[in-house]
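Given the structure of chain A, go ahead and fit chain B with the ligands onto it with the hints provided.
Letter by letter, the chains look like this.
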Amino acid sequence: MNATAETSVTATTAPPEDRIPFVEEIKNLLYASKGNPISTCIQCGTCSATCPVASGGFMDNSPRRIIALIRSGFKEQVLKSNTFWYCASCYQCTVRCPRGIDIAELMYGLKRFTVWRTEHQEGLIGPTFSETFVKMIMRTGRSYEPVLATTYLFTYGLPEMILEAQTATSLMLKGRLPLLPARIKRLENFKRMIRHIIPLGDKE
Amino acid sequence: MKKYAYFPGCSLEKMAHSYHMSALETTRALGIELKELEDWNCCGATAYFHVDELLAFTLCARNLAMAEKEKLDLVAPCSGCYKNMYFTREHLKHDAGLAEHINEALSEDNLHYAGTSSVRHLIEVFVQDVGFDAIKAKVIKPLKGLRVAPYYGCQILRPRKAKEDVEQPRFFEDLISAIGAEPVDYLLRLSCCSGALIITNRRAALSMVRNLLECAVRSKAAIIATACPLCQVNLECYQKQVNREFGTDLNVPVVYFTQLVGLALGIPPKRLGIGSELVAVMPAIADAIESEPALTK
Ligand code: SF4
Ligand code: SF4
Numbered sequence: 001m002n003a004t005a006e007t008s009v010t011a012t013t014a015p016p017e018d019r020i021p022f023v024e025e026i027k028n029l030l031y032a033s034k035g036n037p038i039s040t041c042i043q044c045g046t047c048s049a050t051c052p053v054a055s056g057g058f059m060d061n062s063p064r065r066i067i068a069l070i071r072s073g074f075k076e077q078v079l080k081s082n083t084f085w086y087c088a089s090c091y092q093c094t095v096r097c098p099r100g101i102d103i104a105e106l107m108y109g110l111k112r113f114t115v116w117r118t119e120h121q122e123g124l125i126g127p128t129f130s131e132t133f134v135k136m137i138m139r140t141g142r143s144y145e146p147v148l149a150t151t152y153l154f155t156y157g158l159p160e161m162i163l164e165a166q167t168a169t170s171l172m173l174k175g176r177l178p179l180l181p182a183r184i185k186r187l188e189n190f191k192r193m194i195r196h197i198i199p200l201g202d203k204e
Numbered sequence: 001m002k003k004y005a006y007f008p009g010c011s012l013e014k015m016a017h018s019y020h021m022s023a024l025e026t027t028r029a030l031g032i033e034l035k036e037l038e039d040w041n042c043c044g045a046t047a048y049f050h051v052d053e054l055l056a057f058t059l060c061a062r063n064l065a066m067a068e069k070e071k072l073d074l075v076a077p078c079s080g081c082y083k084n085m086y087f088t089r090e091h092l093k094h095d096a097g098l099a100e101h102i103n104e105a106l107s108e109d110n111l112h113y114a115g116t117s118s119v120r121h122l123i124e125v126f127v128q129d130v131g132f133d134a135i136k137a138k139v140i141k142p143l144k145g146l147r148v149a150p151y152y153g154c155q156i157l158r159p160r161k162a163k164e165d166v167e168q169p170r171f172f173e174d175l176i177s178a179i180g181a182e183p184v185d186y187l188l189r190l191s192c193c194s195g196a197l198i199i200t201n202r203r204a205a206l207s208m209v210r211n212l213l214e215c216a217v218r219s220k221a222a223i224i225a226t227a228c229p230l231c232q233v234n235l236e237c238y239q240k241q242v243n244r245e246f247g248t249d250l251n252v253p254v255v256y257f258t259q260l261v262g263l264a265l266g267i268p269p270k271r272l273g274i275g276s277e278l279v280a281v282m283p284a285i286a287d288a289i290e291s292e293p294a295l296t297k
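Respectively, the protein sequence lines represent chains A and B.
Numbering (this note's numbering) for the first sequence: 1 to 204.
Numbering (this note's numbering) for the second sequence: 1 to 297.
I should point out that these hints are in silico values taken from the structure, not numbers from a laboratory.
Backbone N, C-alpha and C define an ideal beta-carbon position, used for all residues, glycine too.
Treat the hints with care, as some may be off.
Computed, partial: chain B to chain A, Cβ under 8 Å [as the list claims (entries may be wrong)]:
(1) E13
(2) K14
(3) H17
(4) C42
(5) R62
(6) E108
(7) C154
(8) P159
(9) S191
(10) G195
(11) R202
(12) C237
Just chain A, with the same shape it has in the complex (with noise of 0.2 Å):
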């Protein structure tokens, strides 16, 4: 008796968002992935295979793994993987799946959904890099690659960093590094067309 009464209560008044289960969290955020739900996932290990990074030994979990662990609500773990912050966006999972699900669409959507709720893994240069470059881009229009260097050299050894400015050095002498960023030109036109999308803050 008592459980139906809890039953009708929780279908006639919205949850709390955190009682909404993972599972159906991370299916909303698949707005742009024309593929099957991960319901219907196999778990038949052909993204796991298929991709470069994963069988190189670079993922904490494997992509087949992250499915299985959202699945089952694992969030914790899912959030702080590194498995989606070191996808390449090669696509091969997505159309190797013999279940037709879009696999690197999901983890873009991860990685969106670390950055909003700023839970992803310490130490990654990812979620900074991405930081930066939007900023970037909002308020010139365009991408400059040294001012995005900095977002990740600092993190770096001595002896990388020396290798990354050695070839930084050879580009620029070769006359392919930009010394001064380029912006568009109808730029305030362009920032009113990004505040209808999102709030930009202070008016620069």
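Coordinates of chain B with the ligands only, in the frame set by chain A:
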């Protein structure tokens, strides 16, 4: 003369300037006009899609709307830009609510996108619109004996756009044959160059680049041809770092397909931007472009 709205994308401004130069030179020689889209903005690369999808669609839509205003199809030489704009168009086409929301934002820049102009990759224009026969007919210096590894990368093929063959494509090989060079068969021709991982996970990226380069070299490729600035930079500019990391001895030039087509059309290497590489190209191509006497047509 067929005309397109040309969206160079941020890398072609500097990092991949040779792609820009050779794209303009070769299309002109093939009777195509690429008209640079006035005041284009960054397509968002992958970073936007990491942060906000709607914003990413809006930025792509601004470029699409500007091309549409000129009544031209949009051509992108970068596979990343191509994929972003291609799928933005698809989403706007199938989601009226999304299109309305984005058009409202676009009106701030006096733009509107109705979905008429479409999105093409530069290599598609060569392969489908110009065609192999027309290219062959204009070749005056066939690149005889040059062993070229065609590198497709990811986003021209994946995710699937229409009914194209994503597992066994042949168009890049056929293009190389059309200019008289010899396409090399190698296993990783469709594998990922590591994309932006070169920044976000250097170790993984360098190992992916190494696998790819070694695979091409094992098949005796003298040169690798790409159709994307990010692929080119990853495969070429990071070779030294790969050698350092893994003790390998890789030294294989990586060019844009437009540079090879240009050479076959008799355009001087300098006008195709050859000379701005970190791995020298001339030693690999010298025989093919010099020993062969120019055919007179
Ligand atoms: S390939 Fe598809 S069905 Fe197989 S494990 Fe991966 S997501 Fe599931
Ligand atoms: S898209 Fe990401 S997860 Fe899928 S195969 Fe490529 S790198 Fe792996």
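Hints, one by one, checked against the model:
Taken as an interface hint, E13(B) checks out: its beta carbon lies about 6 Å from the nearest beta carbon of chain A, inside 8 Å. Contact between K14(B) and chain A, as hinted, is supported at the beta carbon level, the nearest pair being about 4 Å apart and thus within 8 Å. At a threshold of 8 Å, the smallest CB-CB gap from H17(B) to chain A is about 7 Å, leaving the interface hint in force. Because the smallest distance between the Cβ of C42(B) and any Cβ of chain A comes to about 5 Å, under 8 Å, the interface hint for this residue holds.
A cut of 8 Å between beta carbons decides the hint on R62(B): the least distance to chain A is about 7 Å, and the hint holds. Because the closest C-beta pair between E108(B) and chain A is about 4 Å apart, less than 8 Å, the hint holds. For C154(B), the suggested interface contact is upheld, since its CB lies about 4 Å from the closest CB of chain A, less than 8 Å. Interface hint status for P159(B): upheld, as the beta-carbon distance to the closest one in chain A is roughly 5 Å, under 8 Å.
A hinted interface residue such as S191(B) counts as satisfied when its beta carbon comes closer than 8 Å to some beta carbon of chain A; here the least separation is about 6 Å, so the hint holds. This hint holds: G195(B) has a C-beta 4 Å from the nearest C-beta of chain A, less than the 8 Å allowed. Annotation: R202(B) was flagged as interfacial toward chain A, and the flag holds, the nearest CB pair being 7 Å apart, inside 8 Å. This hint holds: C237(B) has a C-beta 6 Å from the nearest C-beta of chain A, less than the 8 Å allowed.
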